[in-house]
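**Q** What follows is each chain in one-letter form.
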Amino acid sequence: MRALYFREIKSFLSSIIGYIFIFIFLVASWIFHWVITYETNLLQGNQADLIPFFNLSPLILLVLIPAITMRSIAEERRTGTIELLFTRPISDLKILLAKYFAGVTLMVVAILPTIVYYFSMYYLGDPVGIIDEGATFTSYIGLILVGSCFVAIGTFASSLTSSQIVAFIISMFLCWIFYDGFMLIGSYNLLGEFDFVVKYASLSYHFDEIKKGIIVTNDIIYLISIIVLFLTASLAVIKTLKK
Amino acid sequence: MTKKGSSKFTNRLFSWAFFWIVLLAIVFLNIISNYVNYRIDMTQDGRYTLSEDTKKFLENPKNLKNRLNVKIYLDGKLPSELRTFRNAIEEKLNEFREIAGDRIEYEFIDPNVGTEQEQYELQQSLVASGKGIFQLDMVYESEGDQIKMEVWPGAVFEYGGATVGYLQFLPGTPKGVTYQLSQVVESIENSLINLEYNLISSIRRAVKDKKQRIAFLQGHGELDSDHTVLARRSIGSNYNVTEITINDSIAALNDVDGLIIASPKTPFTDKELYVIDQFVMRGGKLMCLLDAVELNEDSLNANGNAHTVRLETGIDDMLFDYGLKLNDNLVVDADNCMEKVLYYANIPSIPKWFFYVLAEPTLHPISKNVERVSLKYTSEVEILDLPGVTITPILTSSTNSNVTGYAPLVSLGMPMNYGDNPELVPNLQDESNKHVLAAIAEGTFLSRFRNRIIDDQYLTAIESDPELKRKYKKLNSSSKPGKIVLIGNGRFISNSLRVNAQGQLFPSLQLDEDLYFYQGKSQLVGNKEFFENLVDYTMDEGTILNLRTRKVDIYALDKYKVKNEGKFYKAINIIIPVLLVGLFAALMLFIRKRKYAK
Chain A
509 MRALYFREIK
519 SFLSSIIGYI
529 FIFIFLVASW
539 IFHWVITYET
549 NLLQGNQADL
559 IPFFNLSPLI
569 LLVLIPAITM
579 RSIAEERRTG
589 TIELLFTRPI
599 SDLKILLAKY
609 FAGVTLMVVA
619 ILPTIVYYFS
629 MYYLGDPVGI
639 IDEGATFTSY
649 IGLILVGSCF
659 VAIGTFASSL
669 TSSQIVAFII
679 SMFLCWIFYD
689 GFMLIGSYNL
699 LGEFDFVVKY
709 ASLSYHFDEI
719 KKGIIVTNDI
729 IYLISIIVLF
739 LTASLAVIKT
749 LKK
Chain B
57 MTKKGSSKFT
67 NRLFSWAFFW
77 IVLLAIVFLN
87 IISNYVNYRI
97 DMTQDGRYTL
107 SEDTKKFLEN
117 PKNLKNRLNV
127 KIYLDGKLPS
137 ELRTFRNAIE
147 EKLNEFREIA
157 GDRIEYEFID
167 PNVGTEQEQY
177 ELQQSLVASG
187 KGIFQLDMVY
197 ESEGDQIKME
207 VWPGAVFEYG
217 GATVGYLQFL
227 PGTPKGVTYQ
237 LSQVVESIEN
247 SLINLEYNLI
257 SSIRRAVKDK
267 KQRIAFLQGH
277 GELDSDHTVL
287 ARRSIGSNYN
297 VTEITINDSI
307 AALNDVDGLI
317 IASPKTPFTD
327 KELYVIDQFV
337 MRGGKLMCLL
347 DAVELNEDSL
357 NANGNAHTVR
367 LETGIDDMLF
377 DYGLKLNDNL
387 VVDADNCMEK
397 VLYYANIPSI
407 PKWFFYVLAE
417 PTLHPISKNV
427 ERVSLKYTSE
437 VEILDLPGVT
447 ITPILTSSTN
457 SNVTGYAPLV
467 SLGMPMNYGD
477 NPELVPNLQD
487 ESNKHVLAAI
497 AEGTFLSRFR
507 NRIIDDQYLT
517 AIESDPELKR
527 KYKKLNSSSK
537 PGKIVLIGNG
547 RFISNSLRVN
557 AQGQLFPSLQ
567 LDEDLYFYQG
577 KSQLVGNKEF
587 FENLVDYTMD
597 EGTILNLRTR
607 KVDIYALDKY
617 KVKNEGKFYK
627 AINIIIPVLL
637 VGLFAALMLF
647 IRKRKYAK
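For the protein sequence lines, the chains are A and B, in the order given.
For the first sequence, the tail end lands on 751 under this note's numbering, and the numbers increase by one without skipping.
For the second sequence, the tail end lands on 654 under this note's numbering, and the numbers increase by one without skipping.
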């Protein structure tokens, strides 16, 4: 599995795709948080925290992550190399996990350099260091968990089809539905009592709690559930593909 | 072939069955997790954790001798915002129960079930002729329909078999007014922040055996009942508040726990001072809100200047013996001051009227976290060094402040002498420029009358009768540690009076006109909160105070740095991340090259 994982990582980082992903994430974040005059600007926010960053980043990842995961299984399906993988003495689950964790690694590598934002806010605080480390730390954990959910959703979408474009569109839609869509649906009193359940199903509902700086078991369990659920679904699809 | 086909089929069946099992397990796990609710608060200020004082209060079985039953009338069909709010209340009460156990019970009740008659009766009992819960009428949109609903956003506390208190979570609507859901959401957020404080203080109140008695002293031209409506109301729920006149009675203050002397004008007799002194010696809590000098502001407005007159009440002489000295001057402050609006004249307002001081809080729990306190024409308090007494400043002026001479002449033209950027003292950063405006003395005091004999026939009579002498024994020093507060301003708690349609004056719940307009500019003054804290702290209700002053930390940015170094931070936040990624890429390339070179 390890060899497969490194193969996937390499395919991201020795080609331009991985760097484009990282670079675009960093530049987009920079523009939103440091350059333009908008509510996401950290310097103009008068608050020594990274809340705007954690509010916006899932939305950037929502677009970018489907672009890196769309290839993972769809491409193998199109070129037929998936058959080769199946013949290897390695279980389907391991193939899937290798691809999944390669995606997660790439996302973490993209997010890590934004630690510089944290240090900037640390020194810009009045007094220096007023920023809430605990809340920032949990928010980073939450962001990585949300990103991991997106990677799982993207991997699932990629397993559904052999067309990368279709995989991209499906995964972006699913990511949006799970991140924000359910929250929106639950906010208009369309379903009465059931609204709460719909909201509960959205990732942003749980991420909002984590952003406050509290780790509540049900939020963590929900986020991990989504990852497990989509990976299991992808596994089932892959098994069905086997001839 | 068929065997292989069937195994493939079972394989697929198995993998999908596995998926469905996982799905069910996940749904189940998520439902369970909502009942577990284990949480770790990672915030620095621990704002989502019960405070130590709440825990201590709930842990102590003496505090909750009987079973406390909390009935919350917020259940049934609710829009999701209110449902979240309801769940937050339940969560908080569950946290309480984790500590207090079964001594706290709660139930959520839907007030909109049952026959119309039952509903009506329940609602009547909730209103409790205006003492109970106010209803909130609101509308929200659902699938294009306007849905109107009546909410009873409050709780009823029952203790020892009787209804002992009510708590309103969200403000009620006036008759005939309906709120939109979006308007309610804002008050939900406020209510969530104060939820712990509101619940625990209601519980404390509900289980309290006996309330302490606080008296406003009368008889020397002090603030009368009309002017203390706001002050009395703000502390009225925690204390029995009365008014008291000493009337030559030596036992006048015997059943009083706290005494407030607000702005006396005429002198105290020695005997009255003796009664107050002995009250302090018994451990009574004394709060003196004193004006050292009197100024007629109308004549100042009309003539442009006015003389101040010393108020010789004698109470300040007594405070001197306890370590607090009130100076007969006025504090002027150029940084923390308000505008003086001249309502009737054609004279422009004075943007910085140095005498309208906005006093700065210190780190003392009374004033910490309170907005600045408006003290108009306030005098300086001096702290003396006495053994056995700890004196702490609770309000000060800014570093750009000074004091006038004794009993000064106040002139409207004074600020003009200082120009646009007034500097009242050299060296504006020096902390020693601050003048103390209020202070609290804690400890054991020596009686002012320990070596003094008062010429009063009653007191002489007591001295000569051994029985009476034992009963009204003169204490020469504090038998219990006491607290004395001195604030160099007597009217900062006074509310204004309004004229109604019949031309009668009635107390309004506003502090005064200037503050009203000042607040209109969305700058708040903390007079009311300061007074509440002052009373709570002085009356030893310190634990409840910590909870109220517990505020969410404000994580402010250094605006000066942002302005000056913003460009630097803008640059490094793209350069460093890109460099890091570049380094990472180079490292990857290096590893690969070495691998292939081998």
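Everything labelled a hint here was simulated from the structure, so no lab data went into it.
This one's a predicted model, so the numbers in the text were calculated from it and none came from an experiment.
One or more hints might be untrue.
[Claimed, not checked] Listed next, the in silico DSS-like pairs over lysine-lysine satisfying Cα-Cα at most 27 Å (straight line):
| # | chain 1 | residue 1 | chain 2 | residue 2 |
| --- | --- | --- | --- | --- |
| 1 | B | 266 | B | 615 |
| 2 | A | 719 | B | 64 |
| 3 | A | 720 | B | 111 |
| 4 | B | 118 | A | 720 |
| 5 | B | 204 | A | 707 |
| 6 | A | 707 | B | 133 |
| 7 | B | 649 | A | 518 |
| 8 | A | 602 | B | 536 |
| 9 | B | 327 | A | 747 |
| 10 | B | 626 | A | 719 |
| 11 | A | 719 | B | 651 |
| 12 | A | 720 | B | 148 |
| 13 | B | 121 | A | 518 |
| 14 | A | 750 | B | 536 |
| 15 | A | 720 | B | 626 |
**Q** Hint by hint, note whether the structure agrees.
**A** Verification of the hints:
This hinted pair does not check out: residue 266(B) and residue 615(B) have alpha carbons roughly 50 Å apart, beyond 27 Å. The straight-line distance between the Cα atoms of residue 719(A) and residue 64(B) is roughly 46 Å, outside the 27 Å bound, and the hint therefore fails. Under the criterion of a C-alpha separation no larger than 27 Å, the hint pairing residue 720(A) with residue 111(B) is consistent with the structure, at around 22 Å. Our distance criterion of 27 Å between C-alpha atoms is broken by residue 118(B) and residue 720(A), whose separation comes to about 35 Å.
For the proposed pair residue 204(B) and residue 707(A), the alpha carbon gap of about 23 Å is at most 27 Å, so the pair holds. Between residue 707(A) and residue 133(B), the direct Cα distance comes to roughly 16 Å. Compliance with the 27 Å bound is thereby established for this hinted pair. As the CA atoms of residue 649(B) and residue 518(A) are separated by approximately 13 Å, the hinted pair is consistent with the 27 Å bound. For the proposed pair residue 602(A) and residue 536(B), the alpha carbon gap of about 75 Å is over 27 Å, so the pair is violated.
With a C-alpha separation of about 98 Å, the suggested pair residue 327(B) and residue 747(A) falls outside the 27 Å cut-off, and the hint is violated. For the proposed pair residue 626(B) and residue 719(A), the alpha carbon gap of about 24 Å is at most 27 Å, so the pair holds. Proposed proximity of residue 719(A) and residue 651(B) is contradicted: the alpha carbons are some 43 Å apart, above 27 Å. Distance hint between residue 720(A) and residue 148(B) is fulfilled; the C-alpha atoms sit about 17 Å from each other, no more than 27 Å.
Of the pairs offered as hints, the one joining residue 121(B) and residue 518(A) is violated, with about 68 Å between alpha carbons and a cut-off of 27 Å exceeded. Proposed proximity of residue 750(A) and residue 536(B) is contradicted: the alpha carbons are some 87 Å apart, above 27 Å. Taking the CA atoms of residue 720(A) and residue 626(B), the gap is about 26 Å. The hint holds against a cut of 27 Å.
The structure is inconsistent with the numbered hints 1, 2, 4, 8, 9, 11, 13 and 14, although it conforms to all the rest.
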